[in-house]
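Number of protein chains: 2
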Amino acid sequence: MSTYTQCSKEDLRAVKDALDVLNGRWKLQILIALLNGKRRFKEIARDIDGISDRMLSKELKELESNHLVTRVVIDAFPPVVEYTTTSHAKSLHKVIHALKEWGYYHRKEIIG
Amino acid sequence: MSTYTQCSKEDLRAVKDALDVLNGRWKLQILIALLNGKRRFKEIARDIDGISDRMLSKELKELESNHLVTRVVIDAFPPVVEYTTTSHAKSLHKVIHALKEWGYYHRKEIIG
Chain F
1 MSTYTQCSKE DLRAVKDALD VLNGRWKLQI LIALLNGKRR FKEIARDIDG
51 ISDRMLSKEL KELESNHLVT RVVIDAFPPV VEYTTTSHAK SLHKVIHALK
101 EWGYYHRKEI IG
Chain B
1 MSTYTQCSKE DLRAVKDALD VLNGRWKLQI LIALLNGKRR FKEIARDIDG
51 ISDRMLSKEL KELESNHLVT RVVIDAFPPV VEYTTTSHAK SLHKVIHALK
101 EWGYYHRKEI IG
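The listed protein sequences derive, respectively, from chains F and B. Quick note: the first sequence, position 66, residue 66 per full-length UniProt numbering, numbers continuous. Quick note: the second sequence, position 87, residue 87 per full-length UniProt numbering, numbers continuous.
So here's chain F without its partners, still in its complex pose (with noise of 0.2 Å):
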């Protein structure tokens, strides 16, 4: 069973500030949607089951304000915009991948 982490204070502020970027159930099941590059609103929003097209633009624009994806406006008619996640969210594979992990883990020992 592997070490457990102490936390200082600034550890716990830092443990924070990520659950409060990443907050919702929502936010990382968009970052996972756009992991395969550029998206369109009604594509993201076919890929999630059950969220709505006011809740999905209203993490879109938290995740935006998070340097976590960008919004390009494609100069067309009618006008197209397509949504990408930025080098900054690709620093959260570690967080998406020990999530992945540990729900298969706690899967098995919830249902057995």
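Keep in mind that the hints were calculated from the coordinates and are not lab data. Among the clues, some could well be false.
For lysine-lysine, the following BS3-like pairs were computed, each having C-alpha atoms within a straight-line distance of at most 27 Å [claimed, not checked]: (1) F/Lys38 / B/Lys9; (2) F/Lys38 / F/Lys90; (3) B/Lys16 / B/Lys58; (4) B/Lys42 / F/Lys27; (5) B/Lys9 / F/Lys61; (6) F/Lys38 / F/Lys94; (7) B/Lys42 / F/Lys94; (8) F/Lys16 / B/Lys38; (9) B/Lys16 / F/Lys61; (10) B/Lys61 / F/Lys108; (11) B/Lys27 / F/Lys16; (12) B/Lys94 / F/Lys94; (13) B/Lys27 / B/Lys38; (14) F/Lys61 / F/Lys108.
Once you have looked at the hints, place chain B on chain F.
Chain B alone, transformed into the frame defined by chain F:
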């Protein structure tokens, strides 16, 4: 820059499972507060800024139902209740570590 993980449907479900269990801003903070061993309700409440007794009670019950916390009643007068993390909770070590690392990294990205 670490390579990106592709996410299958099962992987996405595992991430969602983890997010559902750890949802909200309090659960990981409660688990971190219990890192150093058994604590009483009031001790945990004192450690976590802004959490109400009602919220702490609800979160502890959810953590218990997910095999992450155990509640021990000590036969004294009046009876004493202590909370401690389970061995299963120790498996969250990598998630807490990844969130902590990313929280520091993100603060530098945003604040510079």
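Hint-by-hint comparison with the structure:
Of the supplied pair hints, the one linking F/Lys38 and B/Lys9 holds, its CA atoms being roughly 19 Å apart against a limit of 27 Å. Simply put, F/Lys38 and F/Lys90 have alpha-carbon atoms about 14 Å apart, close enough for the 27 Å limit, and the pair holds. For the hint pairing B/Lys16 with B/Lys58, the CA-to-CA distance comes to about 21 Å; that is within 27 Å, so the pair holds. Among the hinted pairs, B/Lys42 with F/Lys27 is inconsistent with the structure: their alpha-carbon atoms are about 33 Å apart, more than 27 Å.
Restraint check for B/Lys9 and F/Lys61: the C-alpha separation of about 25 Å stays at or below 27 Å, so the hint holds. Restraint check: the Cα-Cα separation between F/Lys38 and F/Lys94 comes to about 21 Å, which is no more than 27 Å; the hinted pair holds. Of the pairs offered as hints, the one joining B/Lys42 and F/Lys94 is violated, with about 34 Å between alpha carbons and a cut-off of 27 Å exceeded. Restraint check for F/Lys16 and B/Lys38: the C-alpha separation of about 22 Å stays at or below 27 Å, so the hint holds.
For a cut-off of 27 Å, the pair hint linking B/Lys16 to F/Lys61 stands: about 21 Å separates their Cα positions. The straight-line distance between the Cα atoms of B/Lys61 and F/Lys108 is roughly 20 Å, inside the 27 Å bound, and the hint therefore holds. At most 27 Å may separate the alpha-carbon atoms for a hinted pair to count; B/Lys27 and F/Lys16 meet this at roughly 11 Å. For the hint pairing B/Lys94 with F/Lys94, the CA-to-CA distance comes to about 9 Å; that is within 27 Å, so the pair holds.
Simply put, B/Lys27 and B/Lys38 have alpha-carbon atoms about 16 Å apart, close enough for the 27 Å limit, and the pair holds. For the hint linking F/Lys61 to F/Lys108, the alpha-carbon distance of about 35 Å lies beyond 27 Å, and the restraint is violated.
Comparing the model with each numbered hint stated earlier shows that hints 4, 7, 14 do not hold.
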